[in-house]
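J.: In order, the protein sequence lines correspond to chains A and B.
Under the numbering used here, the first residue of the first sequence carries the number 1, and numbering increases by one thereafter.
Under the numbering used here, the first residue of the second sequence carries the number 1, and numbering increases by one thereafter.
Please note that a few of the clues may not be correct.
Chain A side only, calculated, beta carbon under 8 Å to chain B, not exhaustive [as the list claims (entries may be wrong)]:
#1 L152
#2 S153
#3 M195
#4 A235
#5 T236
#6 L256
#7 T257
#8 P258
#9 P260
#10 L262
#11 P265
Estimated spans, in silico, between C-beta atoms of each pair [stated by the list, open to error]:
#12 A/S18 to B/Q150: 16 to 24 Å
#13 B/Y295 to A/R199: 25 to 33 Å
#14 A/D97 to B/D86: 34 to 42 Å
#15 A/R143 to B/E309: 38 to 46 Å
#16 B/G73 to A/K106: 56 to 64 Å
#17 B/P322 to A/E200: 37 to 45 Å
#18 A/R84 to B/T101: 35 to 43 Å
#19 A/D75 to B/L276: 37 to 45 Å
#20 A/N147 to B/G299: 57 to 65 Å
#21 B/L276 to A/S80: 44 to 52 Å
#22 A/G139 to B/Y295: 18 to 26 Å
#23 B/E309 to A/E65: 54 to 62 Å
#24 A/E200 to B/G262: 49 to 57 Å
Hints were generated in silico from the structure; no laboratory data involved.
This structure is a prediction, so every number in the text was calculated from the model and none was measured.
Where a beta carbon is used, it is the ideal one built from N, C-alpha and C, also for glycine.
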Amino acid sequence: MSGPIIETQAVVKIYTVSAGAFRGKRPLKAVNGVSIKVDKGGVLGLVGESGCGKSTLARILLGLEPATSGQVWLDGKSVSQVGRRQVARRIQPIFQDPYSSLNPRKSVGSIISLPLRVHRIGDSTYWNRQVEEMMDVVGLRRRLRRNFPNQLSGGQRQRVAIARALIMRPDVVICDEPTSSLDVSVQAQILNLLMDLRREFGLTYILITHDLAVVEHLASRVAVMYLGRIVEEAATEDLFHRPRHPYTQALLTSVLTPEPRLGLPETHLGIAYPNPIDPPPGCTFHPRCPKATEICQTTAPDPVIEDGRLAECHLHEPLT
Amino acid sequence: MIPVLDVKGLHVDIPLAAGVLHPVRDVSFSVQRGETYCLVGESGCGKSLTALAIMGLLPQRALRQAAGLTFEGKDISTAKEREMSDIRGQKMSMIFQEPMTSLNPSYTIGNQLEEALVRHKRVSRREARERAVFLLDKVGITAAASRLKQYPHQLSGGLRQRMMIAMALMCGPSLIIADEPTTALDVTIQAQILALLASLQLEFEMGIILITHDLGIVARVADRVAVMYCGQVVETGEVTELFENPLHPYTQGLLACIPVPGRTRRGDHLGSIPGLVPTPIGDLTGCTFRNRCQYAFAGCADEDVQPREISQGRAYRCLLSPDACAQNASRRQLP
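Let the hints inform the model, and build the full structure from the sequences given.
T.: Shown next as structure tokens:
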């Protein structure tokens, strides 16, 4: 593995939202200082609850949304200087819901070839050849190219979305919940396909999901997000065997594996996910944290990097 | 002991232009008080329609046939709409998947909670309000009295689902049908909601029918399970027995599909079931799983497969012998 293909430094995204009928507008920090690094050929799993900012981060990486502050580098070059078109050639998305992310009025062939046409690469014979090749790669029958998305099953649609993402031969693919709208048996087919394609094309994935079992199966490193911050980041093995942050520990105990003798887990988390407009002071996790102490209520912890892993929790700060 | 609900030979047919659709075919099961019975299967397997058929909430053109449908020992297979609406919401209530779409956005929470009680039990609004506060407290919603004046959009997804549960409990039902109650929720909240349902079940001695596609949930909360495929129950059994010795090729296939941290090796191919679920339309003969089954043989297409009972409450719908099925399972090296 060589150096990082994609890297961010203290990325912040602030939205201005209405706080209620007569309360005016207030800032919402969707992403609050996120620094990640993904090595070429690696798979970074990004996990967290809904509203933690993981999809906003994905949109920033894709260039669909400008960051309020902070830097994104692609292959060592700042994305803001490379330009939107060049970034789009090298980073492609696969979205969650293949029912809404494909244009219902376009045929499968024209959906898959759209990136080539937008970037004006090749002519129509080249497009046709490429479309057929990609359909073979993702396991779609070639005769489906004249069909429309509504004639396809969920699994087939997700294959179309994957073919569209790969036709530009990108370096990085951002998969935002790629299997959560699919049935169990189809989910396994798509995950197998994603693993095969990574090997075949030397792809780097950023895999955004709430399903920790999927992350454990695919990712080489995992970043856990909570309220716009990365609270823990480590190699998959380390994170699953020795989670450090109490939030990671709670997430891991909440995974319901098909083991009937275990019963339901006790997560010891309060019920409320905090309102991101009005985040709690100190460590934002402290109202739900079973291990919170006094300092957690007043002071936000600094990230501690140790043995190649990061944790942002007072429990793991070195004693001074 | 008389089961809360006993379903025998339930069929649902929907006439369409292209022929008659058979989304539910010969489904039989029974639920005891205090028991959680899980219906598990992929989308389109008929699990939700089975629930709607039991509640008498099928779309109008759908036809329901049942050899027997008894609720608390009383036959409800021929019950009129009027009788059913006395049972629904009172003795048998339902929790739906998406709390935002099943709540009315323009009424307060209090209003919606009290409605069922006022309708069924003829109590005053004040008594109904007391019961609502009591139940909101039970489902872990703090400051219950002030919540009653709020509207559904002011609550988070987890709180809304708690409210749906409180609503289902208002009249003290003996059976709750929960259709994918946690699918729209985050993992940490999901575990909490399921634990809440289990503790309420213990307290009020209810039977629960839990409908889900998630085998992880089934394993952790079910007492007994029915695996559904293409409208039929293909395997039933007590939960540990079914997960540890799955017999039907479809059940085995489903279990092989899920990654399990610590058991499946990272990066290994997951098992998958090739092909698609067929649409159960027109005349169906033979096993509907045969086209996707790696053990299928010529006989599978010829005859209708009847459930084969191997012990009390343990049955599967396949022509292969129990020994052959068990051998297949061990060869698959299920996680």
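J.: Are the hints correct? Go through all of them and say.
T.: Each hint, compared with the structure:
The interface hint given for A/L152 is violated, since its Cβ lies 10 Å from the closest Cβ of chain B, which is over the 8 Å cut-off. At about 6 Å, the closest approach between the beta carbon of A/S153 and any beta carbon in chain B falls short of 8 Å, and the interface hint on this residue holds. Interface hint status for A/M195: upheld, as the beta-carbon distance to the closest one in chain B is roughly 6 Å, under 8 Å. For A/A235, the interface hint is violated, the least distance from its beta-carbon to any beta-carbon of chain B being 11 Å, above 8 Å.
The beta carbon of A/T236 is positioned within 8 Å of a beta carbon in chain B (closest approach about 7 Å), and the interface hint is therefore held. A hinted interface residue such as A/L256 counts as satisfied when its beta carbon comes closer than 8 Å to some beta carbon of chain B; here the least separation is about 3 Å, so the hint holds. Taking 8 Å as the C-beta contact cut-off toward chain B, the hint placing A/T257 at the interface holds, the least distance being around 5 Å. Taking 8 Å as the C-beta cut-off, the interface hint given for A/P258 holds, the closest approach to chain B being about 4 Å.
Using the Cβ-Cβ criterion of 8 Å, the hint placing A/P260 at the interface with chain B is satisfied: the shortest such distance is roughly 4 Å. Because the closest C-beta pair between A/L262 and chain B is about 7 Å apart, less than 8 Å, the hint holds. Annotation: A/P265 was flagged as interfacial toward chain B, and the flag holds, the nearest CB pair being 5 Å apart, inside 8 Å. For the pair A/S18 and B/Q150, the supplied restraint of 16 to 24 Å holds, since their beta-carbon distance comes to about 18 Å.
At roughly 30 Å, the beta carbons of B/Y295 and A/R199 sit within the given window of 25 to 33 Å. With their beta carbons about 40 Å apart, A/D97 and B/D86 fall inside the hinted range of 34 to 42 Å. Remark: the range hint 38 to 46 Å for A/R143 to B/E309 is upheld by a beta-carbon distance near 45 Å. Range check, B/G73 to A/K106: Cβ separation about 57 Å, and the 56 to 64 Å hint holds.
Under the hint 37 to 45 Å, the C-beta atoms of B/P322 and A/E200, about 42 Å apart, fit the expected range. Checked against the hint of 35 to 43 Å, the pair A/R84 and B/T101 passes, with Cβ atoms roughly 37 Å apart. Between A/D75 and B/L276 the CB atoms are about 40 Å apart, so this pair conforms to the stated range of 37 to 45 Å. The supplied range of 57 to 65 Å is broken by A/N147 and B/G299, whose beta-carbon atoms lie about 35 Å from each other.
Range check, B/L276 to A/S80: Cβ separation about 45 Å, and the 44 to 52 Å hint holds. At roughly 23 Å, the beta-carbon separation of A/G139 and B/Y295 lies within the given 18 to 26 Å, and the hint holds. Range check, B/E309 to A/E65: about 58 Å between beta-carbon atoms, so the 54 to 62 Å window is met. For the hinted restraint 49 to 57 Å between A/E200 and B/G262, the CB-CB distance of approximately 28 Å leaves it violated.
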